[in-house]
Amino acid sequence: MARITAGVATSHVPAIGAALDNGRADEPYWRPVFAGYEASKRWIAEHKPDVIILVYNDHASAFSLELIPTFAIGCAEEFQPADEGWGPRPVPPVKGHPELAWHMAERLILDEFDMTIVNKMDVDHGLTVPLSLMFGQPAEWPCRVIPLAVNVVQYPPPTGNRCYRLGQAIRRAVEAFPEDLKVVVFGTGGMSHQLQGPRAGLINSAFDRDFLDRLVGDPVAQSKVPHLDYVREAGSEGIELVMWLIMRGALDEQVREVHRFYHVPASNTAVGHLILENAG
Amino acid sequence: MARITAGVATSHVPAIGAALDNGRADEPYWRPVFAGYEASKRWIAEHKPDVIILVYNDHASAFSLELIPTFAIGCAEEFQPADEGWGPRPVPPVKGHPELAWHMAERLILDEFDMTIVNKMDVDHGLTVPLSLMFGQPAEWPCRVIPLAVNVVQYPPPTGNRCYRLGQAIRRAVEAFPEDLKVVVFGTGGMSHQLQGPRAGLINSAFDRDFLDRLVGDPVAQSKVPHLDYVREAGSEGIELVMWLIMRGALDEQVREVHRFYHVPASNTAVGHLILENAG
Amino acid sequence: MTDKPYHDIPGTVLFDAEQSRKGFHLNQFCMSLMKAENREAFKADERAYLDRWPMSEEQKQAVLDRDWNRMIALGGNIYFTSKIAATDGLSFQQIAAKMSGVSQEEYAQMMLSGGRSVEGNRSKSEKR
Amino acid sequence: MTDKPYHDIPGTVLFDAEQSRKGFHLNQFCMSLMKAENREAFKADERAYLDRWPMSEEQKQAVLDRDWNRMIALGGNIYFTSKIAATDGLSFQQIAAKMSGVSQEEYAQMMLSGGRSVEGNRSKSEKR
Ligand SMILES: [Fe+3]
Ligand SMILES: [Fe+3]
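Protein chains in written order, with my numbering: chain A, 1 to 280; chain B, 281 to 560; chain C, 561 to 688; chain D, 689 to 816.
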């Protein structure tokens, strides 16, 4: 039986990917960011998941305004890094896990989540930066990845409650998969940031730290927080944090916090990161 | 305030469109089919809806296997008839109602339905045949149409229960729209038919008639019927009937049955048709 | 797989994940026939056109043979494969007749007489 | 509209239905810049390239002027308009500085010092 053993939350700032790709990770600006992931790299090298379910949002790369799925699950064999306007990131292609992804799609739909099934999709920094942060620059990613893209660009994103409940349903789906697989769920995006308008550069560390605490200790309460609070307090792009609730919903009620990191800034954004293990 | 006044259910057999488009509606084979919609044409000419929310499924026209949304709502200004392999049907373009459609998309997502928003989409016989049946061959369709495409091609479709609940949510969304609009919901597809394999041509009139009765009088019970029963009893394409539950969910618990028609065959399919008015 | 009760329904292939994965390129090829210029290219040289798609040899042969049941078995979905029928100028009813192994006249007559009965067709276990 | 409480947040345009409808073609133009050949065509003759899209004159002018806030006001979404920035070789931080009306150095310094404070930036009513 497949099982979810842990959750990883992390920001997915594109400038982090650029810094790594351009060999600037050792510069004074970037060193503290990457330092926050050193323990994480050791943890995941030891933890050795077979599959990562990577919850992220597409940033106008795979999905234009012609079609905007709320929840899209990637069921393909492989996903190529997207050209976001600077050419694709020089990272390996992402190998999917079609058997588990299709199984999840089927279970989730029967569990009354209205998934969009995607069999061809390029993946942008939202998905590849978290892999880079956790695995560095390998020739191949060391495990399979199931992309789960959430709309947070077109208002309204799914509610926090819906995201949390999707996480719970993902867990049920994974646990019904007959093969013996170790699955880690990533929730990515955030933390506080606003990329647009006169309020660009907003950072609210108090909100972020409170969010980290509540995500770990009282996720149900956090799942009730309305979109407006995120936008007001954490910036128009801070709303990405709802995706962390999907990861959290897939874990036990009680989790062990293995690692936490918080740093300001990376480009326009507060970087937050958690590793949570199921207590069981 | 916008309000839903009635529901229309009808099969959307492509051969019906072809018969009409090729001037064969008066042939003995087709006459009884179109005769069943004479009263319906009078009813809708009198009822004069401002907007039709047309629940249908795409048949590998707008959506390939690259991307399969469970529920897609069309928010564009206009939708062109699709070329399904014989050239597009010679029917007018379909004018959308972007204000109401976007409003619905927003409300439905906040109401925890995971809609896919679509701003560019061709519409196939699933959408245009019901319009032809109800309006004949006008130079322009007499009202606005919001396409709501449901996946019933890739197993699994949404459950009957999910469809019924989507109908209820559509009603809440429509009633929260400030403009004074008369809205009719169409549920299309079915009735019993199987287009593939050695069992092609399956027709189960007993199942169909029972479905019609239960859809009118006990839709909650009907909404609990599993997919397997539809496929076994009504054929692999008979599963389209779950879409009628969306229409039914948008109406009052008690409805007035204004019109009913049932006929076998149209090509491979049993044709069923209902007009239901809210009692209130 | 034991958890697929619909495998018990005779003469029917549900287009589930397994079929969809098997038939992805076959169905995408079919979808390409929605464009008039692709229909022309296919008609001009079927084999050459098929070779543009990463389909299995079996799938290509089933298309060339217009073996509609085989296409379904190999992952085709009827709404996709019917685009080959449209290219050939065949109706849904004509290919339905072929798939159920009778002449078009017999099939049409069966439909006029109320269609194929569900009796004896619900479950493989009731099939003689 | 009275039912949009987020309009109360200063210096912020939420990309809601209203903005999305207004900005559809502007954003689709931006999306086209994901292809290298389109970036070349745009750079070669910006006006001619813009005229291929059914955008309003105001939207085209905002693009030509690189008036990032105006693009947002006219329905642009930052993830789309940032593709113009990428074409120009500008980073997110460079256009963020422009949108907030300070030099890049000032903006970078603000971020290093912990970013823009939320105090006084939560609601238009608390803005002086
Ligand atoms: Fe992001
Ligand atoms: Fe249909």
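Among the hints, a few may not be true.
Stated by the list, open to error - A few chain B residues facing chain C, derived, Cβ under 7 Å:
#, residue
1, HIS339
2, ALA356
3, SER516
4, VAL544
Claimed, not checked - Cβ pair distances, simulated, as ranges:
#, chain 1, residue 1, chain 2, residue 2, range
5, D, PRO693, B, ASN302, 48 to 56 Å
6, B, ASP532, A, GLN168, 31 to 39 Å
7, B, ARG311, D, ALA724, 54 to 62 Å
Since the hints were made in silico from the structure, they are not lab data. If you're wondering where the values come from, they're calculated on a predicted model, not measured in any experiment. For glycine and all other residues, C-beta sits at the position ideal for the given N, C-alpha and C.
Okay, the hints, checked on the actual structure:
1. Taken as an interface hint, HIS339 (chain B) checks out: its beta carbon lies about 4 Å from the nearest beta carbon of chain C, inside 7 Å.
2. Violation of the interface hint for ALA356 (chain B) is found here, the shortest Cβ-Cβ separation to chain C being roughly 19 Å, above the 7 Å cut-off.
3. At about 5 Å, the closest approach between the beta carbon of SER516 (chain B) and any beta carbon in chain C falls short of 7 Å, and the interface hint on this residue holds.
4. Here the hint on VAL544 (chain B) is kept, as its CB sits about 6 Å from the closest CB of chain C, short of 7 Å.
5. Here the CB-CB span from PRO693 (chain D) to ASN302 (chain B) is close to 55 Å, well matched to the stated 48 to 56 Å.
6. In this structure the hint that ASP532 (chain B) and GLN168 (chain A) lie 31 to 39 Å apart at CB holds, the actual value being about 33 Å.
7. ARG311 (chain B) and ALA724 (chain D) have their C-beta atoms about 59 Å apart, which keeps the hinted 54 to 62 Å range intact.
Figure legend: structure checked against the earlier numbered hints; the only hint not met is number 2.
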